[in-house]
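In UniProt numbering, the protein residues as written are 1 to 322.
Some clues are possibly wrong.
[Said to hold, decoys possible] Label pairs and their computed distance ranges (CB to CB): (1) Thr158 x Asp191: 31 to 41 Å; (2) Thr143 x Arg180: 15 to 25 Å; (3) Asp191 x Gly308: 20 to 30 Å; (4) Thr68 x Ser36: 19 to 29 Å; (5) Pro194 x Asp49: 42 to 52 Å; (6) Ala44 x Ser141: 27 to 37 Å; (7) Leu177 x Gly142: 16 to 26 Å; (8) Ala172 x His122: 33 to 43 Å; (9) Pro59 x Arg280: 32 to 42 Å; (10) Ala286 x His122: 19 to 29 Å; (11) Gly308 x Pro17: 46 to 56 Å; (12) Asp123 x Arg23: 13 to 23 Å; (13) Ala279 x Glu321: 26 to 36 Å.
For the record, the hints were derived by calculation from the structure and aren't laboratory data.
Every value quoted in this text rests on a predicted model; they were computed, and no experiment measured them.
Just so it is clear, CB atoms sit at the ideal spot from N, CA and C, and this is done for glycine as well.
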Amino acid sequence: MPLPQSALAPDAATAAPTLSYRRTVDRADVHRWAVSEVFLTDYADRSADTYLAAAQLPPAHYYFGDHTGPAADRPDSMLLLECCRQFATCIAHRGLDVARDSAFHVTEWTLALTGDTPLPPHDRPRELDIKAAVTRSQVRSGTVRAARYVMELSLGDTFLGRCDISARYSPAEEAELVRRYHRRSAPPLSDALPAVPPGTPVPPADVARRDPANVALADARHVAGGVSAVVAVPSGHRTHFDHPQDHYTAMILMEAARQAALLAAGTGVRITGYRSRFARFAELDAPVRVAAVRHSCDEVAVRFRQDGIVVSEIAVGIAEEH
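Using the sequences and the accompanying hints, generate a full structural model.
If you want it as structure tokens, here you go:
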């Protein structure tokens, strides 16, 4: 889904309020239990469905900072996705009045990063600025049921790229009925899963990680034209499962896609973005199979299937480092 270049009106950047990086927003506004997992520090409603946010990027983090190769010299793409997710979630609650107990379902998500020059070394947290223009895609009886968020990200005067998120919102009771109808049973929660997922985990170095706990794939094989694997995330992972989940989240699938792309293309490539579609929930109690194929020099196509049905498709943008 292309990002509209003019989604943010020119006057949205003028007379902008001064945002703070001194403390985090309420963790409930971004669906986190641990304050240490909250990166959004301020939020401003500019009216006409335009918003601003500030976020602090930690100089070190056990997951978002665990990289080797080109990713070690740049803001982590997964951290930028998480900051955008937190901003969109905060807007949904504060700006669109989406009920806190609503079920959130990301349907499409794009991140397009610009520039190929590593940022200079730093020993302090970086300060991220995000602008967002929101479209209320579906409103039913005065309640927002779907929205699209088009964002621009920058570090000071350095423009990082654009993010585009589309999401649906359902009342808790309705969401539970729909899940039970499709599953024929209640979904299990992540904290009921084995601490160590089944299968042979991918070596961390093969997906540009150091810590084995941050590997999201198992049983990987190089097959004709690409790579196959299975999603395998430790149930005690402090970021992926900051609080109990009843499905593999969009962030988990994005990370699995990133790792599958590195398996297919090699850990020397730089991630330039993602184009994703989420068609169904990825359930926790059945294998989610991953297939990654490098379709071109600058993109790896990753497909997730469960019980033979496609649940998500993610195109991972890559660039060779010279």
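Hints, verified against the model:
no.	hint	verdict
1	Thr158 x Asp191: 31 to 41 Å	holds, 40 Å
2	Thr143 x Arg180: 15 to 25 Å	holds, 22 Å
3	Asp191 x Gly308: 20 to 30 Å	holds, 28 Å
4	Thr68 x Ser36: 19 to 29 Å	holds, 23 Å
5	Pro194 x Asp49: 42 to 52 Å	holds, 44 Å
6	Ala44 x Ser141: 27 to 37 Å	holds, 28 Å
7	Leu177 x Gly142: 16 to 26 Å	holds, 22 Å
8	Ala172 x His122: 33 to 43 Å	holds, 42 Å
9	Pro59 x Arg280: 32 to 42 Å	holds, 37 Å
10	Ala286 x His122: 19 to 29 Å	violated, 43 Å
11	Gly308 x Pro17: 46 to 56 Å	holds, 51 Å
12	Asp123 x Arg23: 13 to 23 Å	holds, 21 Å
13	Ala279 x Glu321: 26 to 36 Å	holds, 33 Å
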